[in-house]
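Note that the working numbering gives residue 163 to position 163 of the sequence shown, counting from 1, and the numbers run on in steps of one.
One should not assume that every hint holds.
[What the hints assert, rightly or not] Label pairs and their calculated CB-CB ranges:
| hint | residue 1 | residue 2 | range |
| --- | --- | --- | --- |
| 1 | PRO119 | SER223 | 22 to 30 Å |
| 2 | ALA195 | PRO99 | 28 to 36 Å |
| 3 | CYS253 | ALA216 | 33 to 41 Å |
| 4 | SER205 | ALA284 | 35 to 43 Å |
| 5 | ASN192 | ASP231 | 20 to 28 Å |
| 6 | ALA191 | SER223 | 44 to 52 Å |
| 7 | ASN222 | PRO123 | 17 to 25 Å |
[Said to hold, decoys possible] In silico EDC-like links for lysine to aspartate or glutamate, alpha-carbon gap of 16 Å or less:
| hint | residue 1 | residue 2 |
| --- | --- | --- |
| 8 | LYS174 | ASP106 |
| 9 | LYS155 | GLU92 |
| 10 | LYS283 | GLU219 |
| 11 | LYS221 | ASP127 |
| 12 | LYS110 | ASP90 |
| 13 | LYS110 | GLU162 |
| 14 | LYS155 | ASP90 |
| 15 | LYS174 | GLU219 |
I should point out that these hints are in silico values taken from the structure, not numbers from a laboratory.
Glycine included, C-beta positions come from ideal geometry on N, C-alpha and C.
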Amino acid sequence: MRPRYRGSNILYYYFGGSSDNYNDDNTDNNHEQPFRSQIFHHITHILRLGSISLARSLIHLTPRKPRPPWMDYYGWSQLARFPDGGATTDAELIAPWSPTVLSFIDQTTKFSNNLASKPSYAPWTSDNTLVGVWMGVNDVGNAFYLNGWEALITKVLGRYFEQLQIMYNAGVRKFVLLGVPPTQKTPLMLANGEASNIQLENTISFYNNLISTSLASFESKNSGVTSWVVDTTAPFNEAINNPSRYGAPDATCYNSDGKSCLWKDNYHPGIEIQKLVAAAVAKAVGQPWFA
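Input sequences plus hints: build the corresponding full structure.
Given below as structure tokens:
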């Protein structure tokens, strides 16, 4: 997310994120707070996000330079935050851990009620807006062991793309969609044993394949869409296969500091994995969105 310059003109870039808890930033998604106050206008505000937030990792993405030039001007970009920890796509299909959690449908409704009209505090356009979605971890995790999980996941992805259609109808044309990572390799799921994790891996593969096929159908029905699908398996495996390279003694330890182990807890990735995922997003999408 960086401003693009054409002479003295500045294009405002908006990165709207909808997700489940794998991208939740550990701040309270205050359901009563006016949405205008949840638009982050300056990098110092964005730095207040939680330490393992994918958004923060994207902002701090500095492959070779300690401070890329665009960071000096990041205040000209905006980030609209929608994620809610523990979210599923449709709470009627797969219930979240708490009824107060905002599903992807709820998050899209929040977008419709606050940003779809392109208000003065967020005058976005189709050209300068990128929507990122990282859903599915909780949908898959709460469905893979059920009879008929294939039909259920298919319904979930149908609802997922209904939300993208709502955004498209409002004017969004650029989407980056992140697949479900290999959660069968988390400490929590490893404890369930091999048979359970084979089933989980199969369900993840089914879900991720549906993202790609559903996106192709979505693009065929809607002109002008630019999209990217990011495989999150590769960045997770990079860290899991090389824990010492990323400051961890092994691939299964976890620590709430998010730094000394690959995992923040027995299910959620720490900072280094988040950075690797952020790098994968930036590489896939490229300029002018990411340095």
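Inset, instruction - Return the numbers of the hints above that this structure violates; sort them in rising order. - result: Numbers 4, 8, 10, 11 - these are the hints that the structure violates, sorted from lowest upward.
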